[in-house]
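Student: Residue numbers (full-length UniProt numbering), protein chains in the order written: chain A, 1 to 182; chain B, 1 to 573.
In short, the hints are calculated from the structure, not lab data.
Please note that a few of the clues may not be correct.
[What the hints assert, rightly or not] Beyond 12 Å from chain A on every Cβ pair, some chain B residues (computed):
(1) His41
(2) Asp43
(3) Ser93
(4) Asp194
(5) Asp273
(6) Cys298
(7) Ala438
(8) Leu445
(9) Ser523
(10) Ala544
[Said to hold, decoys possible] Keeping only pairs whose Cα atoms sit at most 27 Å apart, straight-line, the calculated DSSO-like set for lysine-lysine is:
(11) Lys16(A) <-> Lys218(B)
(12) Lys118(A) <-> Lys375(B)
(13) Lys8(B) <-> Lys53(A)
(14) Lys375(B) <-> Lys57(A)
Predicted, not measured: the structure shown is a model, and the values here were computed from it.
Backbone N, C-alpha and C fix where the C-beta goes; we use that ideal spot for every residue, glycine too.
Single-letter residue listing:
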Amino acid sequence: MDPSEVEFLAEKETVKVIPNFSLDKIYLIGGDLGPFNPGLPVDVPVWLALNLKQRQKCRIVPPEWMDADKLEEIREQERKEDAFSPVPSCHYMELTKLLLNHAADDIPRADEIRTLVKDIWDTRIAKLRLSADRFVGQQEAHARLDNLTLMEINTTRDFLLDSLNSMHKLRANLQPGKSQDY
Amino acid sequence: MFVTDIRKEFYDIVVNQRVVLLVSLDIDALCACKILQALFHCDQVQYTLVPVTGWENLGTAFLEHKEQYQYFVLINCGANVDLLETLQPEEDSIFFICDTHRPVDVVNIYNDTQIKLLIKQDDDLGVPSYEDIFHDDEDEDEEGNRDDSGNESDGGAEPSGKRRRFDEAALERRIERQRARREWEARRREILFDYEQYEYHGTSAAMFMFELAWVMTKDTKDMLWWSIIGLTDQWVHDKITHMKYVTDIVALQRHVSRHNHRNEDEENSLSIDCIRISFEYDLRLALYQHWSLYESICNSCYTSCNFKLWSINGQKKLQEFLADMGLPLKQVRQKFNSMDISVKENLREVIEESSNKFGMKDIRVQTFSVHFGFKNRFLASDVVHAAAALLENVEKEECATDNFIKALDCLSRSNIERLHVGIDLAKKKLKAIQQTVASCICTNLLLSQGPFLYCHLLEGTPDVKLFSKPLALSLLCKYLLKAFVCSTRNKRCKVLPLIMAAPRDVDKGTVIVLGIPPESETSDKKNFFGRAFEKAAESTSSRALHDHFDTSIIELKMEDRSKFLDALITLLS
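Extracted from the complex, chain B is given alone in its bound form (with noise of 0.2 Å):
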């Protein structure tokens, strides 16, 4: 059920118990997880992280925990399947579910004892109603049966005209009786499909943990800043829409105008070393601050796809592009802290002049920047990408608990030196995703199979180790459509979704499998791979593991990838 009230369902009732916290791998929910762990600091709750990978991970955790601990909360996982199913937890337990994972499972909505939902109803939910999908059978059928043995037993003593006049009547009954329920039902089954047919994104919830601290008024800055960082890290990885990205950042700018006016009040000014958070409407170009600006230009999506940099064509519209701003080549390759202050001092303004008239309208966007000390200023999307290389982090054997650990670490402000590293990092990656799909594109990999595009990464791929950790095989599967539509000329395959393919595990021999929708402007980022993969899995009985939280991502065996894909391409079209 949905909490209402958070700080008296919630927090009141975990303040003074021993908790475990259940936390999914990706950016929001290190966030929130962060956000809940000051607010746990603060009132010095026991608690215990666990980072799950996946429901297999969840499973083995929630036994090992089950014996000690009564209370569970469960950060970006959960939300979508019916998890007292998947679990069989005893009937104390108690689970606390913050997730952006949508449709919410109908059974986690309507259990009232042991499932509570820390997700706002204004979301636009579209919940069916509890009398379409749950039926108190019971009545009907004792009174059906009531009926019949009532009649059975009247019957040895009445003359049977009669008796065959009430089965009669008692029989029609029973017949539309069945009529009904088989509408009923297949009804419901129509309700639940549209429902749980299409995967997307809810309010992020490291939101929803800062409102948790706002309510308590324990909200700080560092609180406001991870926020912020969660809400970016869903609009980087694409999973909400341009539309909500913007409703959500006005909500927390206001935030972020009411912990400024607080300071700015004093004649006396902050200190240089406390944090400061200011709106910023700037460039979309990944991690430029941090880089040269021309290697931002060349490795950020936007810029890339709009200029089709894989092409010759592409790399003289960009000296263009860069003439025509005034800016010379020397300055642009040079690292940003060291350009120019000339050149850097109107730079967002000249770089969307001349953005405009090469036809890229959105270059610049709404974000926030934070700033403490007098060498440390990031960008909400440079935190987001630093650690998300961090958590996805291929180059040491290290397993996902301690890339966890490092890249909740390099939230801290006190962990500057963890945050360079994951931005290094992060360089490395986007120019991996950059040359892959110049390759895919220049090499004609990415084909269309009918009702959609496929692409498959062979083994000898450069960085192609990078590609088996879900968050970066997306980002790169969102460039790559979006460099496709652009470069391709056929109208048809512009509006096609793209599947993925590439080696996950060499010696298992199996590759993970990532399907997301068609690009368009108005795009709702609605994902039906989910469904699609569990039945084509199901129809060719290949050996899938849906072991990911995020249903449009699944693990194949190798050998059955082409019979997999024959059969959704038949489901598909």
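Next up, chain A with everything else stripped away, as it sits in the complex (with noise of 0.2 Å):
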């Protein structure tokens, strides 16, 4: 999976703008989008809300959890356990590279939340090195990984399976009495 399509999934959360335009209901697949009134609050997908912006027809209000002390919080966290700590969307990465990308003057503290974010995924992406070295070194069965997200997963899935997979079939050579010819 290249991680331009793991951004494209991700487009698909929802974050709130507030339009400066007003349009009625309008009826997509994949939902309806609630109707536009100027000054008021509506939740939109990420694609939707990013081309208001570069159109200048809304302001987009940062998630929740984009806030720099909490985010702090979680980096604090997420460095003292060795397991995976809870992580604040499942597409915090790419949520925080398009809205910084595109909105940075919507969001307060812009450059503090980028660089922590950036701690906060550089500190997992080490505990998966680890943990996929591990696996492969000391061929383990099975791993327990909670609260990856799908863009972690993705860095790490071409090297696991191409590893585990020359690895089981060192594993299978190694068998007494299996003739192998070839």
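Mind docking these for me? Both chains are given alone in their own frames, and the hints should help you get the complex.
Tutor: So, in structure tokens, the structure goes:
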């Protein structure tokens, strides 16, 4: 899976915006999007929010978890624990990147948030790498990975699957009495 | 006719239509185009962008698109010539003209149906009134004919004496009418001559487009920055007076503080990646923050002319100047960003103090700078020089449209590398201009022909290909005239205008000829060479191409140069 595909899937998440135009309810295949009235917050998917923002038709309200203090707490918790701690949103990395790139002026303390999210990401990826290393190196049979997001899984998927496949092949060749005539 | 409500009479009409944008090749037009494009993107308006180099280009572009498009927006072209006459459009084509060229042609002003002028009327336009120019002469002729024919039909039955009297009375009336008509026509010719004699420039097109955006509350800091660049372009290329520049800066300053105020309100300051515009009272040294201070002082018109840096004395004065400021030579020759912080701290004030001692009272000028990200800090004039260098890039053999697109791109914040490429090209261009000026002054290439000064760049001159383009040539002209005024002792020559000729196309054997008004502190930048060139070309039947939108720039065949000049001399003495 390509990271851009994961980002595409992340754009389905809803975010609150405050439009400056009015429009009746629109009926899309994916669901209904409520009537738009200037000044009243409405929930829309991220892809629509970004499009409206680029056309200067709305203001984006940052999600509740995108707050510098909350993210700092999460970061501290992540650093303390060995296992993966619960994540603010299952697409936290993609949403941070999208919202901060296009709507940085609507989000207070945007630079701090970017740094904090990057720290959380780095810590989690380090844990994941460690776990994958142990898994492959010590030939364990199963592992428990709670609270991983799709983006993180995606970073390690190729390596993990390929290495486990190779390990399996090597292990199969070690079995005595199995003739391999290739 | 002039558009009064920009939003209702222009934007609301084009927003549901497909539009052709015809944009002339100068930075102000580029900025206006960028602002309009941003507005079109917000409202998803379909448009076609066509850069035009001159009248011929405009004509062909119009012919190509007139079948499919009804609405045409012209930016920085088309106002100073009778557009309907030149283009011969259908009845339903509508033209919106946002042009800084003045005077606006009277037909364009008084046409109510097809031509809408996006020009602010509080610019001192001095438009002659309708009655003075257009004459409803149908009624009068009919009356005259009716009288005469009436008399003739009656005359058969009447005695001859009465008829003679009637005839005399009718004859007298006719003679009177004809005399009045001749007087009116003479007055009309005079009024039109006065009106169209001098060519000058009005408020920046980019500022007008920004006002449109502001009226629709769709203005962003990016658009504000582009309108600042448009205004600065007019000042850098000497199209408006300093007074007008300062007045417009004040108007833009209000917008800048309004935008900044919105952000400073919250205790949480804005992300570093957001664009910040600030007012600066900064030095008049071209590109000094992207160059070394020494290079910038040597290659900026103001300092170079005041020090007379083409002479040995001038170099000595420069060394004294640097010593007076206490700046070590090694620091000054380094890239500006690598200079010591202690040196950079009060640089502006230190330079101002020293330059006052050396007779340069206006080394500082009001301008704006933009700041985004950690590295990127640009003054408005830096961007103008970079974009102009990209627009007229002669290094690779690319067509004007490609260069236009590249220059348009360098104005976006996402294309910083292109802007840096432009800055490098601009440095080369400024150096070339400085060297050419120095050689012209030292070899006395600038000759007085009587009513004007004349300079001809020969083909072998280094970097002469750069000067085949109008913007670069006009910059060279301006610097050359200033340098000449500083170096000559002849009082009479100081108030003469300058005409410059440079090779344009070696294969076709043409030169580009450009005239600028005399250099003075209180110059109103009004240029009379447009009409003068036309008349001179006509009278000598020289093969001249008046293609450029600025009438003071023409292309001429090399062989016709001398008779053209002689005609000009006789015309202007």
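Student: None of the hints should be skipped; say for each whether it holds.
Tutor: Status of the hints after comparison with the structure:
Look at histidine 41(B): its CB is around 7 Å from the nearest CB on chain A, not clear of 12 Å, so calling it non-interface is violated. Chain A draws aspartate 43(B) into its interface by the beta-carbon criterion, the shortest separation being 7 Å against a cut-off of 12 Å. Every C-beta of chain A lies more than 12 Å from that of serine 93(B), the closest at about 29 Å, which supports listing it as non-interface. Residue-level check passed: aspartate 194(B) sits 46 Å from the nearest beta carbon of chain A, beyond 12 Å.
At roughly 6 Å from the closest C-beta of chain A, the C-beta of aspartate 273(B) falls inside 12 Å, breaking its exclusion from the interface. Annotated as non-interface, cysteine 298(B) keeps its C-beta farther than 12 Å from every C-beta of chain A; the closest such distance is 40 Å. With a minimum CB-CB distance of about 48 Å to chain A, alanine 438(B) clears the 12 Å threshold, and the non-interface call stands. Here leucine 445(B) stays apart from chain A, with its beta-carbon at least about 53 Å from theirs, past the 12 Å limit.
With a minimum CB-CB distance of about 41 Å to chain A, serine 523(B) clears the 12 Å threshold, and the non-interface call stands. The Cβ of alanine 544(B) lies farther than 12 Å from every Cβ of chain A, with a closest approach of about 48 Å, so its non-interface assignment holds. A C-alpha spacing of about 21 Å is found between lysine 16(A) and lysine 218(B), which places the hinted pair at or below 27 Å, so the restraint holds. The hinted pair formed by lysine 118(A) and lysine 375(B) meets the criterion: a straight-line CA distance of about 21 Å does not exceed 27 Å.
For a cut-off of 27 Å, the pair hint linking lysine 8(B) to lysine 53(A) stands: about 24 Å separates their Cα positions. A distance of roughly 30 Å separates the Cα atoms of lysine 375(B) and lysine 57(A); the hinted pair therefore is violated under the 27 Å criterion.
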